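Based on the sequences and whatever the hints tell you, model everything.
There are 2 protein chains.
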Amino acid sequence: MKNVLIIGCGLLGSSLLRRIAKKKLAKKIFVYEKSKKNIAKIKKLKLPGILVKKPQDAVSQSELIIFSTTTSEYKKMILKLNKFLTSKHIITDVGSAKLKSEEIIKKNLKRNIFWTSSHPIAGSEVSGPEHGKHNLFENKWCVLVKSKKTNFKNLKYLSIFWKKMGSKTVIMNSEKHDKVFSITSHLPHLIAYNLVKTAQDFEKKQKYDLIKYSAGGLRDFSRIASSNEIMWRDIFFDNKKNVSKAINLFVKTLNAFKKDINTKNNKSILKKLKQTKKVRFKIIKLKQDINKPDFGRD
Amino acid sequence: MKNVLIIGCGLLGSSLLRRIAKKKLAKKIFVYEKSKKNIAKIKKLKLPGILVKKPQDAVSQSELIIFSTTTSEYKKMILKLNKFLTSKHIITDVGSAKLKSEEIIKKNLKRNIFWTSSHPIAGSEVSGPEHGKHNLFENKWCVLVKSKKTNFKNLKYLSIFWKKMGSKTVIMNSEKHDKVFSITSHLPHLIAYNLVKTAQDFEKKQKYDLIKYSAGGLRDFSRIASSNEIMWRDIFFDNKKNVSKAINLFVKTLNAFKKDINTKNNKSILKKLKQTKKVRFKIIKLKQDINKPDFGRD
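Residue numbers (this note's numbering), protein chains in the order written: chain A, 1 to 298; chain B, 1 to 298.
Simulated from the structure, these hints should not be mistaken for laboratory data.
Here the structure is a predicted model, which is why all the values come from computation and not from measurement.
There are no misleading hints in this set.
One copy or two, it doesn't matter: identical chains are merged, so the pair holds either way.
Result set (EDC-like, lysine to aspartate or glutamate): computed pairs, CA atoms no more than 16 Å apart in a straight line:
| # | residue 1 | residue 2 |
| --- | --- | --- |
| 1 | K176 | D209 |
| 2 | K285 | D209 |
| 3 | K100 | E73 |
| 4 | K75 | E103 |
| 5 | K271 | E229 |
| 6 | K240 | E103 |
| 7 | K164 | E138 |
| 8 | K277 | D201 |
Right, dumping it as structure tokens:
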């Protein structure tokens, strides 16, 4: 790889930066970051790469351009870069909702420019360049999005690129991608936020001091619900159709469970409580988690 | 303390056993366990204490009796022990739903016998004596339940006992207890089970292989949803009134959030996504969790 331009240097962008530098995969790594707070952090951390004031300054020198901003930044950024982009550029992004970003790209990107979306399934509840790490993508899945207009050369290039980041790759279209992740990622986050809100509202209404007893389960949800609000607002808005359907499906499941409790349907409840363990076994088998009990963190 | 009898030697019972033995708090520790599988494990692990074939054999020799079985075992056990119990016995249990256990106890326990309920807020998704540990209760809350009939000498005795187990103690009545934990513990577990079930049903219906992409959030819920099904069935049934109310409150919150997404109510969504962080700060401040990012476990 010649040079690379990373647009947005938060958790994911700075992890890519660290990895590319560590593995010496590019001659030059250009980094654009709009937040002054993050720029100060990047300088203090002495991260590798060349900070550029305007992303367009680095476009013509770069072979690969990676968008790692929230999707609400895409349009503005694309309009800035359009003039400098050529069909030779390999462009990707790391966003979590693909139908909407496809729409933004289609609407705003100059014609005859190729953009091949990526979605690395890696992250945490924290954000910002100080939390990035070179092995963030190690053994994690990265989805590459294929559409009718996909340039296969670029898809292959990015598949090799993500493998160098440590990822396992899989190809999907954006419809399937957005459905799958509405269930495995967007719904769990949305539920975590709403569970914590329910506890907050209850505490206020009952005037009970209940958060201090959160070790019984609420604690783990509160960690997930402390994720970046801009990123998650964008995801919920961008994938609203699938997310709405996922909520409906979940509420239906939940109400059936409530009925089982209220009618003391022993057989049905036990079947449900046992069956979910199958998912756990599968997750352990697929090495998505380790088989070690969690007693809370010290 | 003279002698103690632990009835049920799973995660909690075996943790009490280990702690009492380690701190040399009792002359003799009698252990009753009904499951043959667990008895074999206890023997193999060479856990301290004296295994008794019938709990009633150890009652008259014991000062303190601790029920650490699921609540569905209480009635049968109480009826076995009644003949041997005296007003001098200090009896407690570690169950998670107190109104129902109070009812079972009131209905079945011989008159003039004192029972003071405890609820240590400690545990994990695993169960069984092999997972117990002497420091399970360290720095964790233990709720002591007070009612009109509470014997204050016994309450004080148990308060000192739980402090020796490493816990911080707090006194509540069973109504408040069951309300608080319907939100901080029962609802989170119920939601975890139902979220995993939703993913399972979706996978089956769509014929998508989605569990392998669980690193985006589903993974953490699957761990919680792998908890012991008998224990959780009992809890959901025993606290069904409060749990039902908690589900209703949660669904209401969730539907309002769905509306915010569908109407793209930016202000409302951002407020909600930000506000939940306050709970996280409080949880960290109260040392219910550590302030360290979670990237999944290796």
